[in-house]
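Chains A and F, in that order, are what the protein sequence lines are. The numbers in the UniProt record's numbering rise by one with no breaks, and the one at position 230 of the first sequence is 230. The numbers in the UniProt record's numbering rise by one with no breaks, and the one at position 368 of the second sequence is 368.
Treat the hints as calculated values from the structure; they're not laboratory data. Remember, it's a predicted structure, so these values are computed and weren't measured experimentally. By construction, the Cβ of each residue, glycine as well, lies at the ideal position given by its N, Cα and C atoms. Don't take every hint at face value.
Claimed, not checked - DEER-style ranges, computed between Cβ atoms: (1) 317(A) - 23(F): 49 to 55 Å; (2) 23(F) - 312(A): 37 to 43 Å; (3) 23(F) - 4(A): 37 to 43 Å.
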Amino acid sequence: MTEKNPDKGYVAILGWSLNAINAVDQFDRRYVVVAPPWAQDYCVQNDIPFVPWDFDRLNERSYELAQQLKEMGVDVAIPIFEETVEWAGAINAVLLDQPRLLGQAMLFRDKSLMKRRAQLGGIRVGVFEEAHDRGDVIRFLKRVNQTLLKLDGDVNDPIHFKAFDKSGTAGHRVIRTPEDVDNIPDDEFPALLESHLDGWEFAVEAWIKNGKIQFLNISEYVTLGYSVFVPATPELEQHRARITEQIEKLIETFEIDFGFIHPEYFLTSDNTLYFGEVAYRPPGFNALELIERAYGFNGYQGLVVAFDPKTTQEELDAFFPTPIKDAKGHAGCFGVYPRRRVVSRLEIPEETANHPYFEFHELADPREQKVAKRSAFGTHWGLAYFFGEDAHQLRDLLKRQEELDYYI
Amino acid sequence: MTSSGTAPEGREISNDSRARIARLSDTLNVAIERLERARPFAKLRFQRAVLDVTARLLQTDDGLDVIREQATRMDAAGIFAGSDWDRPEALLPQLVGGTLVSEDPVFVALEAVSLARFLAVANGEGRHENLHKDMARHFLTQVMALNLKDIFGQSDEASRALGDRQAVKRRLLNYISDHIGLTDVLGVLVTEIWRLLEQRSVQVAVAKDMIAQIAIALNEKGTEPGSERLGAERLVSALFGPTVASLYDPGVEAYLDQISHFDEAALSREAMGFARAMHDTGLVSDYHAAFLVWALDYGDRPLVPEALGLGTTGLDCWRHYRRLIEDLIRTAVTPATPQAAYGLTMLLERGVLHHAPMVPALNRALQQKVQGAARERLMLGFGEAVPPETHLLAGILQVIGQPLGVGQGANPTCQSARAISMWALIEPDFLLHLITQASEFDAVLMQFEGVPINSSDLPAGLAGLGPIDADPVSVLLVSHLDRIYAEMGRLCIGREGDPHRWINPQFHGWWVSRDCAVAVDVATGKLSHYDRFLRRFFATYHPHHNGDRPVSHPQPAGIAVTDPNEHFVGWHAIAILRVSEDQAGVMRVYFYNPNNDSGQDWGGGVVVSTSGNGERYGEGSLEFGQFLSRVYLFHDDPLRSTGAADDVPEEALAPIHAQAVSSWAADRLPEVEG
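Input sequences plus hints: build the corresponding full structure.
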């Protein structure tokens, strides 16, 4: 464990993430991991400070946990997963004596509330509606397409279906036909329905302190659910000023004083920015790792400085680099999904293996020969990592991966 | 430097490949840095990336330099954390070859980094707290020796099928041999081959193969002169040029042409040269086989006894049964079966031809046709260069000439192999009778306490349809014996105690003692009256406690085999051959182990010796107490009074008891010691 600075804050990490623990253990803040009891033995064996806790639905026991952490001297709780965001809100409300933090967390956890709040704050959003059953979905699909003056028999414009409380691409479905609606499992309701926006989708990672953006990264999606890279291409980065403005609006609307947000946006062909959704936790797809590869700072440690009430502005300024200028290159990753129905082994495509930008992969040999049909986004079999000088070359390379067989 | 450089072997390295390696090297650096930073508990998460890049470096010619340079750093960074490789001092060299052709490139990379780490330590470029420089060198040497054929580009079907994976393995092994030299490797290999040869196994294909590898090594790479080279050359010459005329391995045709002009003295010298090499190694050169057959028709004087290097017993047999012996050579000694010559020699030296049924039984074997499934199995096992009958006859000569050289191959059939060995040793005529039955009728008949058993009526046993990786006699008989043994077991169902008590005398012969002592309670598997068991063994076998009565016939016994860490591996069938003092006055048990290599480390200092302690060819031996500590079943005469057992002093039993309890019996202690 790295020498800890007693003058700095003491943070609680909510949720089990080896990457997060590994990073925070190397940092100078005291920390404790709050995770399900099954992690206990592992933590004891590896000297990881640990408080066992079952994060089920937020319940009255959150106060108990908050008290326990408070007695330990913990200053702030940091959510690692979507499921722990409301817990962090509840705990921080107690630890920091700011009751409104719980309400704020609930906004992040409910996609419908989130969207309405954004709308109220004057942020531009697409057409959306809540769905409680399949009938709602069908209705929305029909209405959206009527609006678009489609006739019976025309191909429908798709709509997006997002389970309320699932993170990232899990539970995100694209619906085109009534058959797609039939395929939605019951447990994904209630959900948010959104019209499809044709445009450039991207995500932002922003570390916030004192209501100000300390570092803003733009992650460019090549194809949603498949690939992402940082920093974005110059074409997208040229909108940075407007994007920053949007994030500031978001901070204001959601009254965010500190922490980390991960919103998604669409840039449509008429150059309008549409807000998709925002999460108050690290993104999936190992985006923090990509940022570390490109900029050299550890995103989880960034979370700690952004959350810790005892962090100084000098420390923040020293910690975060200058966007774009300080990037050593562009880092991207590709989520591999088998393209064939039956696969027997993993074999990195030769053109990938020989490409100078290809770094390494975290793909395993297939355990099952038969490939399950892909139902929603976010079921890739592992990631392949790329790094290189030229953003366009990287983007094209990531796009090209979609046509290659990693599993044969 | 201009656009391209030249590697030491004159291979062109393109700028492309150089750039690729430089790039991979950078990426490796990034991956290692992440691993270095990772906390011990998070190492696993970052190992894969390092190994992935390493695997790609392995595909390039000069990537090995990068791996070697980074090996110590990767080790320190935690590339092996959480795996067996983290303890280099406990790694087994015999597993390396298999891992290097693993389907999963991650394992190949892991093994490659591990070897590179050994190399760094061996060359003094790196250090490891648990790995001494000499240990590292020794380990690599053993790896090289065990994979020599992959260093010299000889490919067979199996390696060809591996394709790229085989190429990576070869490149890596060559790299290591370039960096530590082959002299050590030869030394280890030569020692290993001699150790195996001293056991005089019937099957010598592996030893011959290794010697062929050495011959290529000496020829292609050369080594510094020294004792290793001398030992290696002795082996190579025994196989490829044991005499003056065959010295430069001229080829059989040229050789025969050459000796046809020799005078008697020169021919006699050839004959003696062959004999000397054969008795030295137990191996028969192809030239030797050709010479023997040629000598049959040489009228001026009998060269055969000289070429076989016969002693007094053998010569006596030659004089009595010359016709039979010449027929056996003519039929059994062929380019595909040269070892028959050694088997025949040892058969003659054993004097078994003087046993009345043997001459007619061998004459019968000379004419024996092999029928049905047995024929197909022999062809499957030995090919079709010569008829299966030739292989079988050669096998008969070898098994009867070298009874203790019978091995079970990679088959769970120690009981059958042991039976063949024991019959060959004391009842070769009975063995020939079984061979005739199996060849002619594809069946073997026995009986169990009056119940007739016909092997062809029985379902396949442990060995399925029978082994094909053993000697010809075993290939013919084991499937039958295996089934009969199992059937006898079935007939014992319902009886109390260990069924071997009844099976062994019925299966092997009258000479197996009828009573049986077992160290464990069969129902619970726990030790039962163990001290009593030990005392009985003393009273039965120890010359100082049994009235100095020698073992006349081999006695089957059961051994609890343990590994070098004293962990129980399994029950194993062996035969006790004799108990006597070695040249140092230590009382030893000499025994036959149907396993292919008797020299085994059973842990806790119990290391089976195969030579140097009074062993005859094929015997394994242990000090009496050490041996007894691994025995769990032996036969005893029911008529003998057990009073003698009480004489054995307590002090003699205590260390044996302790050795058993610290190994195979560790979790077999009874609730209350009986």
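Hint by hint, here is what the structure shows:
no.	hint	result
1	317(A) - 23(F): 49 to 55 Å	violated, 34 Å
2	23(F) - 312(A): 37 to 43 Å	holds, 40 Å
3	23(F) - 4(A): 37 to 43 Å	holds, 39 Å
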